[in-house]
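**Q** Listed here are the chains, written in short residue letters.
Number of protein chains: 4
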Amino acid sequence: MSKEKVVLAYSGGLDTTAIIPWLKETYNYDVICCCVDCGQGEELDGLEERALYSGASKLYIEDITDDFCENYIMPCVQADAVYENKYLLGTSMARPGIAAKLVEIARKENAVAICHGATGKGNDQIRFELGIKALAPDLKIIAPWRDDKWQMDSRDAEIEYCKAHDIHLPFSVDNSYSRDRNLWHISHEGLELEDPACEPNYDHLLVLGVSPEKAPDEPEYLTMTFEAGVPKTINGEEMKVADIIRKLNELGGKHGIGIVDIVENRVVGMKSRGVYETPGGTILMEAHRQLEELVLDRDTMAVKKDMGNKLAQVVYEGKWFTPLREAIQAFVESTQKYVTGEVKFKLYKGNIIKAGTTSPYSLYSETLASFTTGDQYDHHDAEGFITLFGLPLKVRAMRMQELEKNHSK
Amino acid sequence: MSKEKVVLAYSGGLDTTAIIPWLKETYNYDVICCCVDCGQGEELDGLEERALYSGASKLYIEDITDDFCENYIMPCVQADAVYENKYLLGTSMARPGIAAKLVEIARKENAVAICHGATGKGNDQIRFELGIKALAPDLKIIAPWRDDKWQMDSRDAEIEYCKAHDIHLPFSVDNSYSRDRNLWHISHEGLELEDPACEPNYDHLLVLGVSPEKAPDEPEYLTMTFEAGVPKTINGEEMKVADIIRKLNELGGKHGIGIVDIVENRVVGMKSRGVYETPGGTILMEAHRQLEELVLDRDTMAVKKDMGNKLAQVVYEGKWFTPLREAIQAFVESTQKYVTGEVKFKLYKGNIIKAGTTSPYSLYSETLASFTTGDQYDHHDAEGFITLFGLPLKVRAMRMQELEKNHSK
Amino acid sequence: MSKEKVVLAYSGGLDTTAIIPWLKETYNYDVICCCVDCGQGEELDGLEERALYSGASKLYIEDITDDFCENYIMPCVQADAVYENKYLLGTSMARPGIAAKLVEIARKENAVAICHGATGKGNDQIRFELGIKALAPDLKIIAPWRDDKWQMDSRDAEIEYCKAHDIHLPFSVDNSYSRDRNLWHISHEGLELEDPACEPNYDHLLVLGVSPEKAPDEPEYLTMTFEAGVPKTINGEEMKVADIIRKLNELGGKHGIGIVDIVENRVVGMKSRGVYETPGGTILMEAHRQLEELVLDRDTMAVKKDMGNKLAQVVYEGKWFTPLREAIQAFVESTQKYVTGEVKFKLYKGNIIKAGTTSPYSLYSETLASFTTGDQYDHHDAEGFITLFGLPLKVRAMRMQELEKNHSK
Amino acid sequence: MSKEKVVLAYSGGLDTTAIIPWLKETYNYDVICCCVDCGQGEELDGLEERALYSGASKLYIEDITDDFCENYIMPCVQADAVYENKYLLGTSMARPGIAAKLVEIARKENAVAICHGATGKGNDQIRFELGIKALAPDLKIIAPWRDDKWQMDSRDAEIEYCKAHDIHLPFSVDNSYSRDRNLWHISHEGLELEDPACEPNYDHLLVLGVSPEKAPDEPEYLTMTFEAGVPKTINGEEMKVADIIRKLNELGGKHGIGIVDIVENRVVGMKSRGVYETPGGTILMEAHRQLEELVLDRDTMAVKKDMGNKLAQVVYEGKWFTPLREAIQAFVESTQKYVTGEVKFKLYKGNIIKAGTTSPYSLYSETLASFTTGDQYDHHDAEGFITLFGLPLKVRAMRMQELEKNHSK
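The listed protein sequences derive, respectively, from chains A, B, C and D.
Numbering follows UniProt numbering, in which position 262 of the first sequence is assigned residue number 262; successive positions increment by one, without gaps.
Numbering follows UniProt numbering, in which position 398 of the second sequence is assigned residue number 398; successive positions increment by one, without gaps.
Numbering follows UniProt numbering, in which position 134 of the third sequence is assigned residue number 134; successive positions increment by one, without gaps.
Numbering follows UniProt numbering, in which position 332 of the fourth sequence is assigned residue number 332; successive positions increment by one, without gaps.
I should point out that these hints are in silico values taken from the structure, not numbers from a laboratory.
Keep in mind that the hints are not guaranteed to be accurate.
Any copy, or any two copies together, can satisfy a pair, since identical chains are not distinguished.
Unchecked claim - No more than 27 Å apart at the CA atoms, straight line, and that leaves these computed lysine-lysine pairs for DSSO-like: (1) 337 / 58; (2) 254 / 214; (3) 409 / 394; (4) 409 / 140; (5) 337 / 405; (6) 394 / 108; (7) 5 / 305; (8) 254 / 394; (9) 247 / 163; (10) 405 / 86; (11) 240 / 140; (12) 344 / 3; (13) 254 / 86; (14) 149 / 232; (15) 346 / 5; (16) 337 / 3; (17) 140 / 346; (18) 24 / 214; (19) 86 / 149; (20) 140 / 405; (21) 394 / 149; (22) 214 / 305; (23) 108 / 254; (24) 346 / 409.
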């Protein structure tokens with residue numbers, strides 16, 4: 001009888017390498033590795049050899065970058081979903097996409113379990129596992145870092161364990177920050193960041209770009225177009241969303257855009273402190289907002305803002321595959337029909353400075369807005385408007401006056 | 001019998017000068033002028049002479065800067081009230097304060113009416129009038145720009161009218177942008193801004209500071225402390241709120257901070273485009289947010305965010321003197337008890353870059369946040385947490401699987 | 001040259017009869033009458049003759065009952081949209097449907113204006129006119145009750161005016177309550193209701209049913225099924241939505257269901273007091289809620305509740321043809337996919353008493369809910385859940401203890 | 001050296017009796033029993049003797065009924081806090097009050113732990129424990145039903161265990177429904193209720209009153225007054241809140257008021273089904289709402305509704321002692337200043353039928369609401385109001401027309 005299979009979310013790093021022999025030894029599984037590429041820009045050559053050498057029976061390399069951009073990132077951009085004022089959800093949006101791919105491979109391989117290397121203190125365990133539960137509630141989930149049978153409590157212990165299982169591989173020297181990277185962003189935790197009183201050491205820390213101080217002295221103009229809420233061109237060149245984000249990453253990184261230093265509230269109840277770099281994403285979201293200003297009416301903007309905040313909570317909590325996320329997304333999509341037009345701005349040392357916006361669906365009317373009275377606007381209307389708009393508080397004030405008068409009699 | 005009195009919101013400019021003889025001629029009023037100083041930084045010497053010469057029987061100069069800072073600005077800062085993502089409500093917060101002072105003078109003078117010079121297309125007429133209605137529903141409100149008896153339709157016509165009434169005064173040359181200034185901000189409308197496709201001419205436009213490009217090449221560090229949500233010191237020096245804003249205006253202006261270009265939705269139903277400079281306010285709000293990150297729990301932050309958005313709507317709409325504004329403010333005040341601590345940041349060419357935050361009430365715990373397992377955190381707890389947190393979607397997924405299984409039988 | 005045409009929302013009553021000659025005389029229009037049937041259950045025989053006799057050149061009788069039920073009522077039922085706790089939006093939902101039909105006729109007839117008979121103090125003028133503006137912004141709107149050229153200030157004056165224009169018709173004696181009726185509800189205003197201190201005279205007032213006191217002593221059981229949020233059968237009999245509402249009106253009216261006495265806040269700024277009878281609608285909404293309880297998860301329910309409240313505001317304000325209403329409806333529709341199942345209840349003297357609910361998509365699991373520990377639920381999980389769920393407040397409490405300890409040293 | 005002490009939430013029933021010897025044997029604790037009286041109406045005579053006989057070293061009987069009414073119930077009534085449309089939070093509001101008292105006794109006794117008998121599947125464990133964590137984060141919490149050392153898995157096993165420890169006591173025969181009762185309500189779970197398809201057996205189930213069918217044929221009128229949101233009199237008789245609830249319970253129970261059958265979503269992730277009787281509470285909340293209708297303006301009502309829903313979530317989740325609950329309560333209190341007046345209604349077979357409302361602070365104005373035009377309301381104002389209120393959608397419609405026209409060229 002053949003062994004049961006587990007699908008392991010695999011990166012080739014020390015942790016997920018050590019997990020391979022551990023899964024075999026501890027659970028007697030056949031280990032299928034799966035490396036999901038969300039545009040993290042890592043070298044994947046030689047990864048298969050490495051996985052097999054470490055004891056896996058197979059390695060899938062799955063590029064979901066376009067899926068990630070179109071089905072996870074864009075709904076959040078359109079919703080203007082930002083967690084706690086600052087965090088653009090880079091890791092949060094990627095986890096359900098990865099989970100979906102792991103489930104797909106598990107089904108294909110008839111695996112009975114999925115294993116991930118996320119720690120027991122973070123949000124990612126929740127996001128992976130809620131994704132798996134929602135898509136494949138029958139699959140077992142193995143999280144070694146929370147597993148009593150996992151005995152390795154340090155990097156050295158893991159290396160020792162690998163060697164004891166005849167895995168002799170070079171592992172990158174621990175660069176000490178704990179990082180997560182994909183096409184949208186890179187996050188940094190650890191080292192000096194663990195004390196919120198400390199200023200981040202940006203020279204040491206930044207990966208995707210430079211700090212505003214190190215950015216060029218010359219600003220750079222940029223023109224983008226959107227159709228129905230989706231970015232279509234940069235400086236006149238048509239590109240798919242993933243390439244637009246790549247291009248914006250390059251530009252944003254160069255000009256010191258999108259660096260965020262935040263103390264955030266994790267789902268598991270504690271605060272953590274991190275630095276995020278989201279150079280392209282920051283530009284994309286600002287450009288989208290800039291266009292919406294011209295196209296959305298006041299009521300829609302106000303409720304959409306609440307929906308965006310709600311979506312940020314839902315996505316942060318790993319509740320992607322839920323009816324609530326779908327419903328919010330349906331709301332947001334409905335508002336994007338006319339988010340079509342062109343935005344210009346310039347990038348300069350950390351700033352995104354607006355330089356003009358146009359749209360065929362613009363609700364701005366120069367005639368209405370200007371100070372001269374035109375056909376469309378009669379100043380007398382304002383009189384009536386204010387009278388009724390202020391009626392409730394006038395009625396209230398009159399009632400209070402009346403009561404006071406009676407009292408003082 | 002003596003004439004009835006009107007209190008006129010007076011600035012000494014052309015509009016409010018022309019209104020004086022117009023009020024006397026049209027309504028036979030005795031005109032009491034009132035210039036309310038919200039820190040707009042204008043020269044007030046000679047204003048009394050000017051008002052009397054123009055036909056007013058009296059001029060009150062009322063400095064409400066501290067009242068404005070403490071009772072209007074600070075509640076909005078604490079609420080993080082921002083209108084449509086960008087606008088820090090500079091004009092909106094000032095109008096009710098001015099209205100309250102006008103009512104106070106009207107009562108003192110036994111006036112029967114209040115007159116303001118706001119146009120019929122803007123938000124300010126609403127804010128003034130809702131303020132007056134709420135505080136003195138019996139007073140008549142006169143808004144010449146909406147009054148059929150007001151015949152002047154241009155600057156020249158006003159000057160002509162003044163001359164015809166023997167008022168020979170120098171008036172500042174119209175600088176063409178329509179502006180409103182107080183301690184918190186200055187707004188700009190008109191000229192090239194009337195076309196959202198145009199980039200603002202910042203060299204021409206800026207008053208309170210410079211653009212990021214023109215800002216110094218050297219960053220500047222700053223330390224602020226707060227007690228219960230109120231700023232207390234800058235770089236160790238204790239100041240009242242108004243002085244803190246003054247100091248921050250100077251620093252922010254110097255470093256190109258707080259310039260906003262926005263197409264916003266007015267209450268009266270049309271979009272308008274403006275540029276706001278809020279150098280000090282932008283820093284103050286960011287500093288306050290930076291401290292709240294450390295001190296507020298996740299649930300409170302999320303609901304407070306909604307409340308802040310709501311307050312921004314309410315204040316923008318001129319509904320300051322309402323039960324709803326009071327209730328939201330009560331909510332916000334309740335959250336500020338522990339917003340005490342120190343924030344550091346540096347200012348550099350339009351950027352406010354965090355450089356460390358501390359608070360005795362910090363909810364951040366390095367032990368909890370770090371990756372080592374400590375006494376307070378047992379990795380097994382995460383197991384249970386995820387199981388129950390994900391239970392609803394697992395139950396749902398199982399039910400769906402079951403249904404599919406039955407279908408395919 | 002032929003005259004310009006106006007489309008008049010016509011009922012055949014005194015008001016809209018008097019408007020016909022007035023429109024011809026005042027504006028020299030050719031008057032096209034349009035009676036839109038939303039299931040108000042009035043006699044329409046002879047109406048054409050009456051309209052033509054009154055001077056109209058044509059009468060359209062348009063039955064939109066099914067459109068009203070499917071496209072206006074059902075989205076609100078699914079959203080559980082209730083205004084100020086009580087009002088089921090009967091009139092509010094009908095007005096945009098009527099406006100759409102008036103616009104359709106106006107286009108067909110190449111009319112230049114639409115005229116309605118709503119008063120200047122109510123919500124309906126807003127709802128009609130916002131509907132027309134959104135669908136046909138070029139059409140002129142005529143509201144005689146707000147028109148300076150309308151001189152009739154009483155019923156008698158209208159009758160006199162009709163006679164003077166050779167219209168000799170019997171008009172129903174004014175029954176004194178001001179009412180609006182359609183398939184969904186009837187509203188009552190006026191008479192004793194104008195004083196909120198007065199108890200309504202239900203014996204005099206009720207039209208669609210009886211008071212609970214007059215309802216039968218025997219309860220009546222009812223079974224309904226829904227598919228994807230839409231009611232399909234009553235007691236096993238399949239019917240279209242309009243017929244389901246008709247049937248429920250009959251049953252609800254008989255058992256004293258759905259009578260509401262409310263002081264509500266109108267859009268135009270004052271409070272008004274009315275009594276609504278919504279016998280069938282009350283049952284339908286309760287039945288739908290009863291099914292959703294079983295099928296929707298907690299997160300979705302909570303946000304959907306806010307959306308329903310928001311939709312109620314939007315619809316009450318006449319903002320049906322807006323991007324916001326469409327977006328909220330998209331949200332709600334997305335949640336209805338699995339609102340399929342059967343609900344039983346009994347009707348008894350004003351009460352709707354649940355008697356059992358089932359659904360293939362039920363998220364209720366007896367195994368999970370019961371007190372015995374099963375496979376799916378490990379009591380230890382609760383331990384971990386509570387630890388992390390309560391972590392923020394424990395951290396906070398510990399920090400406060402620590403501070404107190406330091407203070408007391 | 002003396003033993004460490006534990007405070008046990010004690011009722012005298014089988015569960016909490018068996019826990020006494022178990023705590024002594026398992027943890028070697030000195031057991032301090034504490035019976036917290038929230039008005040559950042149980043016989044407390046002989047309870048001390050019983051506790052001591054069972055091995056406790058002391059029994060505290062603590063009546064917190066007034067505290068419960070004034071500090072837990074009233075804030076929720078004023079907020080109109082209702083969980084998932086139906087549940088009036090009877091148990092949820094009591095748990096933090098009990099937790100606070102247990103902590104108080106623990107401090108007085110220098111105990112090191114608190115023990116409660118709530119099961120591992122319900123909400124109450126969360127509410128107790130979050131309360132304790134927030135007030136005394138240093139205290140250990142013991143929940144036998146989740147404790148591996150607790151071996152009793154049935155009623156019989158518990159009785160056996162008691163006997164083995166020489167506790168020979170009569171225990172009430174298990175009545176099979178699982179119930180929780182206090183002054184505000186009684187909840188029922190279990191038996192036929194475990195299947196949502198089953199109609200509740202009300203004859204068997206009801207404790208605080210009768211079903212509508214069994215209620216008297218004669219309606220009964222009632223008058224209540226409120227001052228600043230707090231009920232003060234019933235039928236002219238002044239009473240403290242607890243007595244008002246007692247009186248309303250009697251009347252509501254008699255008339256079949258406040259019986260709710262609900263499938264609700266527990267915090268721990270599953271749905272459960274229960275029946276609640278809240279006879280007095282249902283009347284009190286309806287009466288309070290009835291008065292608010294007259295006194296609160298539209299904006300305040302709308303936001304307060306969202307706050308009430310939010311508070312219901314927070315209280316249901318056991319997060320009473322949190323900054324968020326305090327902030328919401330501050331919001332609500334701020335709105336109650338003028339909720340003063342008199343409400344009349346009649347009770348009849350499950351119905352609460354309004355019979356008139358008055359308030360010195362009423363915002364209802366008969367002059368404004370009625371159909372005649374008065375001084376305060378000029379029909380022309382409506383014209384201007386609608387023009388500006390509808391401006392955004394008109395501008396939008398015009399833009400769309402223009403685009404279409406261009407397209408069809």
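**Q** Now tell me if each hint is right for this structure.
**A** Verification of the supplied hints:
no.: 1; hint: 337 / 58; verdict: neither (44 Å within a copy, 39 Å between copies)
no.: 2; hint: 254 / 214; verdict: both (9 Å within a copy, 20 Å between copies)
no.: 3; hint: 409 / 394; verdict: within (23 Å within a copy, 51 Å between copies)
no.: 4; hint: 409 / 140; verdict: between (79 Å within a copy, 25 Å between copies)
no.: 5; hint: 337 / 405; verdict: between (56 Å within a copy, 19 Å between copies)
no.: 6; hint: 394 / 108; verdict: between (69 Å within a copy, 21 Å between copies)
no.: 7; hint: 5 / 305; verdict: neither (45 Å within a copy, 44 Å between copies)
no.: 8; hint: 254 / 394; verdict: neither (56 Å within a copy, 43 Å between copies)
no.: 9; hint: 247 / 163; verdict: neither (42 Å within a copy, 62 Å between copies)
no.: 10; hint: 405 / 86; verdict: neither (52 Å within a copy, 35 Å between copies)
no.: 11; hint: 240 / 140; verdict: neither (37 Å within a copy, 46 Å between copies)
no.: 12; hint: 344 / 3; verdict: neither (58 Å within a copy, 50 Å between copies)
no.: 13; hint: 254 / 86; verdict: both (20 Å within a copy, 25 Å between copies)
no.: 14; hint: 149 / 232; verdict: neither (50 Å within a copy, 53 Å between copies)
no.: 15; hint: 346 / 5; verdict: neither (52 Å within a copy, 54 Å between copies)
no.: 16; hint: 337 / 3; verdict: neither (51 Å within a copy, 40 Å between copies)
no.: 17; hint: 140 / 346; verdict: neither (50 Å within a copy, 45 Å between copies)
no.: 18; hint: 24 / 214; verdict: neither (49 Å within a copy, 63 Å between copies)
no.: 19; hint: 86 / 149; verdict: neither (38 Å within a copy, 46 Å between copies)
no.: 20; hint: 140 / 405; verdict: between (74 Å within a copy, 19 Å between copies)
no.: 21; hint: 394 / 149; verdict: between (71 Å within a copy, 25 Å between copies)
no.: 22; hint: 214 / 305; verdict: neither (34 Å within a copy, 34 Å between copies)
no.: 23; hint: 108 / 254; verdict: neither (42 Å within a copy, 60 Å between copies)
no.: 24; hint: 346 / 409; verdict: neither (67 Å within a copy, 36 Å between copies)
Checked against the numbered hints above, the structure breaks hints 1, 7, 8, 9, 10, 11, 12, 14, 15, 16, 17, 18, 19, 22, 23, 24 and satisfies the rest.
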